[in-house]
Amino acid sequence: MKKYYFILFSVIIFIIILISCEIDHGLYPNNYLIKGTLFFVRGNPPDSTDRIEVFALKEFPPKDPQNFLYLGRSGSIDYSEDRKVNYEIQVSPTSYQLIVLLWKHKNYDWNLTGILGVFTGGDASTFSGTVEVSKENPVVENVNIFSNWERVNKDAFISGAITYEGKWPEDTSVLLLAIYNVKPNKENEGTYFSFENFDYTQRLFVDSSSYRLAVRSSVYNYIGLFWVGKNITKLSDLVEIGFYENPDKLGDPGTVEVSTAEHTKNIDIHVDFNKIEFP
Amino acid sequence: MRIKLKIQIFLLIFLISSILKAQANDKGTITGVVTENPSGEKLPGVNIQVEGTVLGASSDIEGNFVIRNIPAGNYVLKATMIGHSPARIPDVRVLPAKATNISIQLEETTINFDPLIVTANKMQKELDLIPNSVSVVAATEIRDRYPLRVDQVLEAVPGVNFIRDQVNIRGSTGFTIGAANRTLLLLDEVPVMTSDTGQFNWDLLPVLDIEQIEVVKGAGSALWGTAALGGVINIISKAPTEQGKTMIRVMAGEYDEPRYEQWKWTKTPLGFGRVDVSHSRKIGPFGFRISLGRHVSTGYTQISDFKRFNATGKFTYKFKNGSTWILYSAYNYNGGGIFVGWDNPLNPLETSPANRKNRGEIKMANFYTRYNWIISPKAAFRFRLSYLMTLMGNQFIQSTDFNPARGLGGEIQGVLLPFSNTEITYGCELKWDTGSTKYFGDHRGYTIGLFGQLEYQIRNNLRLTPGLRYDRYKLIDGLAQSLLSPRMGINYKPFESTVLRASAGSGFRAATIAERYLDFETKSVVVEANPDLRAETSWSYDIGWRQYITKNWFFEIGAFRNDFTDLIEIDLRQSEIQFAKDIKVAVRFKNLMEARIQGLEFTSSGHWWNDRIRLQATTTIIDHEDLATGEPLTYRPNVIAYVNPSLRLGAWEFHADYRYASRIEKVKLFHYDDRVPQKVWNFRLIYHLRNIDFQFAINNALDYYYTQIERTMGEIRNFTFGITGEF
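Quick note, the sequences are listed as chains E and A, same order. Taking this note's numbering as reference, the numbering of the first sequence is continuous, increasing by one, and the terminal residue is 281. Taking this note's numbering as reference, the numbering of the second sequence is continuous, increasing by one, and the terminal residue is 1304.
To be clear, the hints were calculated from the coordinates, so they are not data collected in a lab. Quantities reported herein were computed from a predicted structural model and do not represent experimental measurements. Possibly wrong hints are sitting among the right ones.
As the list claims (entries may be wrong) - Below, computed lysine-lysine pairings styled on DSBU-like, alpha-carbon distance capped at 30 angstroms: (1) A:Lys841 to E:Lys137; (2) A:Lys897 to A:Lys619; (3) A:Lys934 to A:Lys884; (4) E:Lys108 to E:Lys60; (5) E:Lys60 to A:Lys702; (6) A:Lys1256 to E:Lys137; (7) E:Lys108 to A:Lys934; (8) A:Lys699 to A:Lys844; (9) E:Lys37 to A:Lys604; (10) E:Lys169 to E:Lys277; (11) A:Lys934 to A:Lys1015; (12) A:Lys1245 to A:Lys699; (13) E:Lys169 to E:Lys106; (14) A:Lys895 to A:Lys702; (15) E:Lys37 to A:Lys702; (16) E:Lys137 to A:Lys702; (17) E:Lys60 to A:Lys1245; (18) E:Lys37 to A:Lys822; (19) E:Lys106 to A:Lys844; (20) E:Lys106 to A:Lys699; (21) E:Lys137 to A:Lys1128; (22) E:Lys277 to E:Lys188; (23) A:Lys619 to A:Lys1015; (24) A:Lys1070 to E:Lys60; (25) E:Lys232 to A:Lys1245; (26) E:Lys232 to E:Lys60; (27) E:Lys232 to E:Lys251; (28) E:Lys232 to A:Lys1243; (29) A:Lys1015 to A:Lys1070; (30) A:Lys1128 to A:Lys1051; (31) A:Lys841 to A:Lys895; (32) A:Lys841 to A:Lys1167.
Claimed, not checked - Sample of chain A residues with no beta-carbon within 10 angstroms of chain E, all distances over it, derived: (33) Asp765; (34) Pro922; (35) Gly1018; (36) Ile1134; (37) Ala1136; (38) His1248; (39) Asp1280.
Positions of the beta carbon are idealized from the N, C-alpha and C atoms, including for glycine.
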């Protein structure tokens, strides 16, 4: 009987040793990174600059643009040395819908309207690039961002209300409000990038909202609102759903002239979803 | 109405006085001696109870005992002692004005599967007669584990797991990020949860002086009131010994270096040490036990170092009629760094430079006094007064912002045995809480509870236990709430080796002062007060089957279900955030959730080959669900398991512990961080040399890395050497 128990115990010990031999050590160093280069293509940093950082947002558009979610950020980027700066962000393994270089004003918190540039997937015709970080692909490189200081170097404001009529398309992803000197041309997608400033933080599925965009003093001939569906991949798929109309000739784009330190108000836009065809 | 009340009071007095009068005449005495079988050594400190009465005694230094004032009749005596099989002596005849002499023999055993427990019924009862699911950790098991803290012992209890410092009974609490625990912690049946935050400090509990730990699973508010939502843990401290006894334990240990080069954060060796001294003795009817302990550690992560000190004293006095008086006091100091989580996954044992000055300290003082008054063989009262003071300080370098939180409690509990098959427990509990900090202002509140429980023995092998408690709690100038907590339990022993049990009961936890009024803002977090927070409530259902295969081997299968309502959780406006430097996260405590936790539990324990081989194994399968979303609850594993084989050969003992918890499915903050199951092996080697034990242990022997909450690594491999002497 004693022998039997001794064998039983030996088996238990053997199992323990066997399990031990597999040596599973649990967590191990796993460096999930997004790496890339920032190209500062136009303009110079405004005096009001506090710092700039690259943020990785899992979901876009954010539910609250003033209090947006991010899973990784680069830390302060040193932009004083060169117009080309490398960066890296430690992140969690998941997919990221927006990698964005943000500018922070000395007196204000981070805000998604302070955009210097976004990762576009390496293809100028693509709206925004999704970045997948996973165990199989822990380091994603060449997430390059072309940045424009002029987007945040402003001396005036334009603001207004946006009203919506009809039913919102269910696959609405984001609305893009952009201010142009010259209306962009679908035949030449590059013209979409010629905006003075843009905002894609408008609230969705509401009856009305408002906007306030910083601009440089100039004459703007087109202030347009574009609809972006969940499955859109190209700029040419943008759907123009409204624009600021000439008060004297409804149906035509209106012109807005702003002077230095001026705040031009009531540049309103009306959207009637019933009259728009969506892809 | 008043006349009715007077009649009720009169009837109660009449009932009690009738019982007293009935017992006043024809009383006899039982005397005797308790010896150990087969050595014949006389055993001091054996607890002898007269079944069906509240009378009892403990044997003196010569093993002798006397139980007086026993009404003439036939009785059954029960004798119990730690480390020995309980003995039951039937047909003890007590004659009027005469002494009946009895000899009792107890056999030595290291495991007692049917110990006396007190938590389930608020009076001593054998485990096999309890309708609830209860687990017990005996002093011998605690000794064998050489724990540095009490929570290290609880990890071995079936259905219990820890998420950082928060104890979970069958997944009750999860990790509440500042909200209180959903488990009631008692020290000698006295609540030891802080008055302002409802947290408890494991360091307040003296490791060396624990007689037994009882874990009652499922809602227990019908007897214990607030906080017994998911269960009750009762730590029972040792009584003074008959002989003068001094115990010294010295332990020292070192943390291993992280196995990955890039995780190494310091060249300084990291370690810990603990010294405990305890002395206990009885002088006539007076007894005392005094303990001092010091525990220091560098921690295994940055700023997790600490220095802890605790002092406890327990004083008892036994009156001739069997009544006893106890005074217990404890003081604990705990100061050290606060590791709030790693900042960079490349260096998981380091925190961000901004958090490296986070230090805090807690001072706690705990007192209680209790008088057990035996009125007659069939009636007894217990009076208890308790006081718990907690002072936090230097939290995040803001030392002047805290004032002591004070909890004053009182309880009167009566036990009545009106008939041979009926036991009634009833009483009233009062608690007065105050809390005051810069972060939640100055608040006070009270709780009053009235409870009653009947244990009715329908047949020899069938017991029914209904109970009811009424609680009213109110914070001054705040919300008041009244709650009724019923319970019903049934215990059936169809065969001598089979126990079937079932119970249903409700539980609640009143919102703490901190949860209601916490209101502060830091650079990254805004916490908003919510004074209208209601109590969270639960209903528990539990069935179980315990089967003794042999005298030395049993298994137990249980099924449980807990339905929770109005669970208080932190309402994060952002669910996936990086602790921001600039972006603020707004949070508040809210009655957010309805949830269900159900599952199965399997336990088996046995010892063979003259107790040379022991095996304890337990598995709990937990299915948890947020009923609104259908998603799993946060910070709960689906499976927890524990295996503890051990071997004793002569003076040598070898123990292995394996703890497993499946990967936590859902967390609150960093959903996308890697998470793994918890798989930890501990090995211990013990050598006994007369009164001295030498112990060498490797904890987390396979160097396994895991997190229980986000960005906080579980304890890494460490080596411990300890010496325990008993003189």
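*When you check the alpha-carbon spacing of lysine 106 of chain E and lysine 844 of chain A, does it fall within 30 angstroms?*
39 angstroms, violated
*Taking the closest pair, is the beta carbon of isoleucine 1134 of chain A still more than 10 angstroms from chain E?*
Since the minimum Cβ distance to chain E is about 22 angstroms, isoleucine 1134 of chain A lies beyond 10 angstroms and the statement holds.
*asked:* Would the hint linking lysine 60 of chain E and lysine 702 of chain A be met if the CA-CA limit is 30 angstroms?
replied: Measuring from Cα to Cα gives roughly 57 angstroms; hence the hint is violated.
*When you look at the beta carbon of alanine 1136 of chain A, is every beta carbon of chain E farther off than 10 angstroms?*
28 angstroms, holds
*Could you check that no beta carbon of chain E comes within 10 angstroms of the beta carbon of glycine 1018 of chain A?*
27 angstroms, holds
*Examine each Cβ of chain E, and state whether all of them lie more than 10 angstroms from the Cβ of proline 922 of chain A.*
Violated, since 6 angstroms does not exceed 10 angstroms.
*Confirm or reject the statement that aspartate 765 of chain A sits farther than 10 angstroms, beta carbon to beta carbon, from all of chain E.*
Its Cβ never comes within 10 angstroms of chain E, the nearest being 37 angstroms, so this holds.
*Quick one, are lysine 108 of chain E and lysine 60 of chain E close enough, alpha carbons at most 30 angstroms?*
26 angstroms, holds
_Next pair to validate is lysine 1128 of chain A with lysine 1051 of chain A; report whether the Cα-Cα distance is within 30 angstroms._
50 angstroms, violated
*asked:* lysine 232 of chain E and lysine 1243 of chain A were given as a pair; does the straight-line alpha-carbon distance stay at or below 30 angstroms?
replied: 27 angstroms, holds
_Between the alpha carbons of lysine 108 of chain E and lysine 934 of chain A, is the straight-line distance 30 angstroms or under?_
27 angstroms, holds
_Given the hinted pair lysine 137 of chain E and lysine 702 of chain A, is their Cα-Cα distance within 30 angstroms?_
Outside the cut-off at roughly 55 angstroms; violated.
Taken one by one, the earlier hints fail for this structure at numbers 5, 8, 9, 12, 13, 15, 16, 18, 19, 20, 21, 23, 24, 27, 29, 30, 31, 32, 34, 38, 39, listed in ascending order.
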